[in-house]
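Chains as they are written, first to last, in the UniProt record's numbering: chain A, 1 to 250; chain B, 1 to 260.
Among the hints, erroneous ones may be present.
To be verified - The calculated label-pair distances, taken between Cβ atoms and stated as ranges, are:
no., chain 1, residue 1, chain 2, residue 2, range
1, A, K27, B, L8, 29 to 37 Å
2, A, I75, B, F257, 34 to 42 Å
3, A, K118, B, L8, 48 to 56 Å
4, B, F197, A, G151, 54 to 62 Å
5, B, V196, A, S150, 30 to 38 Å
6, B, S92, A, G78, 20 to 28 Å
7, A, N227, B, N51, 50 to 58 Å
8, B, R10, A, S193, 53 to 61 Å
What the hints assert, rightly or not - Here are the computed lysine-lysine pairs in the DSBU-like style, where the Cα-Cα straight-line distance is at most 35 Å:
no., chain 1, residue 1, chain 2, residue 2
9, A, K44, A, K123
10, B, K35, A, K27
11, A, K166, B, K192
Stated by the list, open to error - Every beta carbon over 10 Å from chain B, so not counted as near; a handful from chain A, in silico:
no., residue
12, S45
13, D83
14, R114
Hint data in this document are derived by calculation from the structure and do not stem from the laboratory. Since the structure is predicted, the reported quantities are computational estimates derived from the model, not experimental observations. Idealized CB from N, CA, C, for every residue including glycine.
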Amino acid sequence: MNSEENKKPVLELKDIKKSFGDNHVLKGFSLTLHEGENLVIMGKSGSGKSVMVKCIVGLIQPDSGSIRIKDQDIITMGQKELDFLRTEIGYLFQGSALYDSMTVRENLEFPLRRHKDKIKDFKGTEASVHEALKSVGLLDAIDRMPAELSGGMQRRVALARALILKPKIIMYDEPTTGLDPITANEIIQLMRSIQKEYNTSSLIITHDVDCARVISNRMILLVDGINYAEGTFEELSNSNDPQTRAFFKN
Amino acid sequence: MSKPNSFLDRTKSFFAEIGDMTFFVGRFFRELFSKPFEFRELLRQCYNMGNRSLFLVIVTGFILGLVFTLQSRPTLMQFGAESWMPSMISLSIVREIGPVIIALICAGRIGSGIGAEIGSMRVTEQIDAMEVSGTNPFKYLVVTRILAVTLMLPLLVILGDAVALVGSAIVENLKGGVSYTLYFNQVFDALKFSDVFPATVKTFFFGFAIGLMGTYKGYNCAKGTVGVGEASNSAVVYTSMLLFIIDFIAVFVTDIFYTL
């Protein structure tokens, strides 16, 4: 904990509130993600985890609060600056969200069209695509369409796409949901190896206790739109609070 | 009690949708002239929409010409006016029937395709993924598609009109023994600039309407597969209605312009 806190924060959310009509989803949620840290957010379905991540990448505007990525407030920034800052963030969507009219190669080339200048020592589009696919072990699938891939393979391609701009922060929205235990474990191992290889900070939303145990440095439980509990996996899983413990029952 | 409320709600949501659509059109024009321009995607869409609608337009146009001539022939014969056939058919097809029928066909073929494609991209978070990767999805998906249909529909209508006239000429040749040369000489004598120009101009508006409704319904698609179906379906229904409204306005304006 202390070693993490000494590191520089790369992402800070303060008192984020978001409502949809009468439905108050986030009621003052805060978090800090440090450099190189894996922060897991757990919460029940509908507790606002995905809304929170979408607020971070600017897909949803929060009603109040502040979101700072690398010391820049994303709520007040213009569209161009936001688009540029987004290249610092990789996002793995729950359903992979691969462009189904494009091949795997085109899916990976897509983010490079506008932002290849941003990559340090850029070796060309082809080389970048190959490197990203190699890191997820799917170089053979380069010319296949997303529909021809299994769920696990799609998730890995989506991960390669999230990595292609060499982001500093990666958001994982339910990375193992809908996958069989073996494939889920492959994805978890891949997430770990990517963090080592690319030295990224990760924000992981998951229901998967095994995933949280393996990957988390720190965890936050999101209940009723607020930070309910915070700590390491061991601290939270051994908590005396019944609601906290309920998350860790298989 | 519930009826007035539901009527009020429907009226409110109707005007809210008109407002949303106005913003959507405004955003289209704003994004159209701002950099970066998505030329590659525009060309790809032009090719897709033009090329993939070609067969349908040719078949529809040909049958339209055949049927229209076959149906009109007996009536004109009753008055001994068969010789008017080429001019009557060409004016009807070029001024009105060709553009409207081809536009309706394209509303079904292109409009529903756009609605379903963008709608499914919305519900599977592909549009969000595009936005997160730093690409403006409105510019990439919406602007290119609206522009592509606006540019391609006039070409498809011209092709459809030409094929319809060929169909008509074949019937005239087989039934009335009219030579192809004579038929097309009469067609070109009958058609004036004032017939062709307004009819062509209105097809740009037809194309814009098809692209607009397809992209609007798809982009604002509700969650789930039901939403995709509704987006596709309502894109066709609203476009068809809009086409007739545009046609009425176009005919009305043309009439005022040429009677001045």
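*Does B:K35 pair with A:K27 here, judged by a C-alpha cut-off of 35 Å?*
violated (38 Å)
*Consistency of beta-carbon spacing, A:G78 to B:S92, with hint 20 to 28 Å*: violated (54 Å)
*State, for the Cβ atoms of A:K118 and B:L8, whether the hinted interval 48 to 56 Å holds or is violated.*
Because 51 Å falls inside the window, the suggested range holds.
*asked:* Need the status of pair A:K44, A:K123: alpha-carbon distance at most 35 Å?
replied: Violated, at roughly 43 Å.
*asked:* Taking 50 to 58 Å as the stated bounds, is the beta-carbon spacing between A:N227 and B:N51 within them?
replied: holds (55 Å)
*Could you say whether the range 34 to 42 Å given as a hint is met by the Cβ separation of A:I75 and B:F257?*
Between A:I75 and B:F257, where Cβ atoms are some 51 Å apart, the hint is violated.
*Indicate whether the distance between the beta carbons of A:K27 and B:L8 respects the range 29 to 37 Å.*
holds (33 Å)
*Is it the case that A:S45 keeps its Cβ farther than 10 Å from each residue Cβ in chain B?*
holds (15 Å)
*Is it true that the C-beta distance of B:R10 to A:S193 lies inside 53 to 61 Å, as the hint says?*
With a Cβ separation near 55 Å, B:R10 and A:S193 satisfy 53 to 61 Å, so the hint holds.
*With 30 to 38 Å as the target window, see if B:V196 and A:S150 comply at their CB atoms.*
For A:S150 against B:V196, whose Cβ atoms are near 55 Å apart, the range 30 to 38 Å is violated.
*Taking 35 Å as the top limit, are the C-alpha atoms of A:K166 and B:K192 close enough?*
This hinted pair is violated, its Cα atoms lying about 62 Å apart.
*With d taken as the least Cβ-Cβ distance between A:R114 and chain B, does d exceed 10 Å?*
violated (6 Å)
When each numbered hint is compared with the structure, violations occur for hints 2, 5, 6, 9, 10, 11, 13 and 14.
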